[in-house]
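> First to last, the sequence lines map onto chains A and B. Take the first sequence: its position 239, counted from the start at 1, is 239 in full-length UniProt numbering, and no numbers get skipped. Take the second sequence: its position 74, counted from the start at 1, is 74 in full-length UniProt numbering, and no numbers get skipped.
Note that these hints are calculated values from the structure, not bench results. Please note: incorrect hints may appear among the correct ones.
[As the list claims (entries may be wrong)] Over the 10 angstroms line for every Cβ pair with chain A, so calculated as not near, a few chain B residues:
(1) K47
(2) D58
(3) E69
(4) T72
(5) K76
[As the list claims (entries may be wrong)] List time: in silico DSBU-like cross-link candidates among lysine-lysine, alpha-carbon distance up to 35 angstroms:
(6) K205(A) x K30(B)
(7) K30(B) x K230(A)
(8) K83(B) x K142(A)
(9) K47(B) x K271(A)
(10) K297(A) x K30(B)
Every residue, glycine too, gets a C-beta built ideally from N, C-alpha and C.
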Amino acid sequence: MRFLAGCILHGNSNMAIHCSRTCLQYLIHLAHDNVDFRLPEIRSLLSLRGKSFDPCENFKEKSPFWRLNGLSEEDVNSIMARTVCAKSAFELWGHGRTHSELRTSLLKYPTENMSPFLQKDSTYKINVYTFNKTLEFEDRIKKIDAMEYLSFEGRVNLKNPKHIFCLLEDYGTDPNNIPDEPLYIYFGRWIADGQRELIRSHSVKNRHFIGNTSMDAGLSFIMANHARVKAHDLVYDPFVGTGSLLVACSHFGAYVCGTDIDYNTIHGIGKASRKNQKWRGPDENIRANLRQYGSEKLYVDVLVSDASKPIWRDGMLFDAIITDPPYGIRESTRRTGSQKDSVKPPEDYVGDSHVPVSMAYHLSDIFTDLLNFSAHHLVIGGRLVYWLPIYRPEYCEEMVPLNACLRLVSNCEQTLSSHTSRRLITMEKIKEPEETDALAHLSDPHFSPYQGHNAFREKYFSGISKRTLTGKEETNKMAANGGE
Amino acid sequence: MKLLTHNMLTSHVKGVTKGYPLLIKATEVKVSEVEFNPNFVSRMIPKLEWSALVQAADGLGHLQDLPAELVTDYEKNEEFLRKVHRVLLEVEVLEGCLQCPESGREFPISRGVPNMLLNEDEA
């Protein structure tokens, strides 16, 4: 009997310790921009760790605070090393709607989880963060002093503490209606900050080589995260332009390549997109952009090519395909092939003497071709991430192109105007193409190219003509900005 | 153009069925040092057409001691991986062209960038 009781006791205490470490909750504090893109980003980064997104009860996607279960500190560090949507992460020790509830919650938190960080010989500091409210210095100090029920045994070191603790007070999201008392309060140990600094350090403003449609840094990193790009991957962009997406992917250690139909952009010659600059300099090309950020060793190649043509041999060549296809607004959609009316090359054309005739590449064909290309050339589990331009008054989910070999992972909207937006579509390859897939469109209309996309350019301009500018003025304005 | 890329490219001239691999006619080749990454090389090897890689490197005079057959258990073989790395990423064709083996059509390479565009009558 005694022997059995001893075993049971021993078993219980092990379980208690095991449960208290894995039942740790982590608090993620998210930035308030690109709100729709945050959950797919965090989910994608979690899946790179083999973990699923497991939020606590009362999860609100729009809130800047998420409490997550089932993660280790390493998981959290990995996510924070990649995310541009999250600002910081904390090991959550207590939370509540009032300071009294917080105190109860903190006193319930297992002391064995706290004590490693409250040691006599270590240093610490406590930060007070208030969201949607400014607090005077004295009030911050008062709140820190009120935490004295926690047994901090170490010394305070404001400059370089070993451990940082944070008291976070949420005063809501309405700047016109700030409550006197916080709506919710959290207390935790700071683990890591996210990578929002990349938005500034990799800003297109400071980049050597840009074009009219270079992707903004924040979104390009979000795209790389949605695509689960990782070190040692090979990533391809079939509408590479000035290589903004390749810059983001190479930052996460992937080898990168791209193609574009525009000879000048690929070679980095012709008219500059910057104000006050007429022609591009010798160091303006995609390779130079990677060199600027120290990732030239990850540059594979860029080629002049038509994305609708099969220049790649059969095989699962790419780990991810990330791209921003032309919408037909600022850069025209083109492909090679015969056409009744030939198109004159632009004035600033300085390339080959023979210019292949461009014909309008119907937007709907771009997406069908892109999905089909991805189905053939992605590795299983590899992702396709691309922007789909949408005319909002007509949008319905059925417009999102599908393919039998790809599953739809996420669809996030970024509004461009009252009547247009673009949606970031993420798809994952689930199987190799089979003979029968080519016939899929006969049974399911989702697999037929939605023809409504073709009229996007007209719909875009028809909306503008309703405002002060006429469609023609806007077209000329766009042309003056350097569109083809 | 690096030999990694060349290994994945094929001729898409209308009517051509045996467009791979493209023949390389180089007038300027450069060899530069690129940081060796054994993980990347290991992951790329299963995706490569090995004989096309050997043929391309040989054609440029940069085969050196790259074996004609893929070695087994290459993941742990650093010496072998380094040889593959050199051929895949360090040898670059700056000027020249890629020629379709069936039709003879040439795709120019200038400043290291191949131009794969076909004319309207060929597409």
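> Tell me, which hint numbers fail for this structure?
1, 8 and 9
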